[in-house]
Amino acid sequence: MTKPVQSIFHAFIAVSLLASAGAPAFSQEQDAPPEDKPALSEADRAYVAPVIAEPDLPALPITPTLSQDGYPDCREDFQKIAAPFDKAEDTNRCTILLDSYYAEVLTPFRQQMIDHQNTLSQIYTDKVAGRMEYSAKSRDQFYTDMRREHAASDPDGANLADYRALESRYQQDRAYLQDRFCFNTGCGGYSMPEYVVAEEKSEKGKKDGKSKSAKKSKGPQKCKKAKKRGGVLGGLLGGVAGNAAGLGKIGTLISSAAGAVLVSEIACQLTEEEQKEAVEATVEVTEKEEVGATATWKSPTRAGVSGSSTVTALNTEPNGRKCLNITDVAIIDGQETRVSKQMCRGQGDEGYTILA
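When you line the sequence shown up against my numbering, it's residues 1 to 356, in that order.
The set of hints was computed from the structure by calculation and includes no laboratory data.
Treat the numbers as computed from the prediction; the structure is a model and nothing was measured.
All clues given are correct.
Straight line, CA to CA, 30 Å or less: simulated DSS-like cross-link-like pairs of lysine-lysine:
#1 276 / 288
#2 322 / 298
#3 127 / 137
#4 288 / 298
#5 298 / 276
#6 276 / 322
#7 288 / 322
Cβ pair distances, simulated, as ranges:
#8 349 / 144: 37 to 45 Å
#9 135 / 287: 51 to 59 Å
#10 122 / 316: 20 to 28 Å
#11 101 / 135: 45 to 53 Å
#12 164 / 48: 55 to 63 Å
Glycine residues also receive a C-beta, built at the ideal position from the N, C-alpha and C atoms.
Let's have the full structure, built from the sequences with the hints guiding it.
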């Protein structure tokens, strides 16, 4: 065997032995690293990705608070007065103050809490829900905190504890004043004060009116008694007139429609025709339902008699009830009488009726 042939034979034998031992055959492709998978350097293997911090969650809005100051502490003031009808007048005065407090403080605070709840929900919807910059845990925690504050701002929640206490006090004080009004005027099952009964008996012995001419020139002559007794027709008693309201014969001069919207200090100075004109003016401004709305009227029979009604305030309660503060003016032969009253209309009611 020649040397070249012998070399080839030996190489063949070596490759066969390697293959039988499981060693892979030599390949240029196996020795070279894959082109799409470059080997990692020591720096690459030591790299750790930084942790990205979450942004701060939005803060919950500050909870509205109700001041305990300013509540009208006047329910017992009438006790300092001697005459029953003067006591009744003072209970009306206090009732007007209480109603103003309810309309100007309690009702707006209740609306504040409703707005607070709406703001809470809006913050979650607009700034947290579905925002991937926050983790699921953070979003869930914010929702839990938001719902807790939202529930606390419900009518029976902790955030309205002071409101409920003051509203309860208002309701109790108003009911008490209504009872004392009737006690001092002879309504609601109470007997008429003795000196009023004596006065009524005395009047029965007198002739009706002093002269027809006086009645025509000056209109109804019952205002002295009405002012003395301080009655606001429709005030505490929702439009009751006459003896039931402790006003003696005054109610006979005031129609039921007028008694629902007119204060007695003005109504008692007007004839029935003039009362109708004054009622129409009040109804006109209530229909406008805007501050500053004014309606004027003139007597159809007396040249020196006119008046007006003007809306001075408007409040809408959360339950939909609207209340107007109205100032009535009557000018009779150059003398002006100016009286404020409050009228309200419940949701679904046809019109406004006087409260105080």
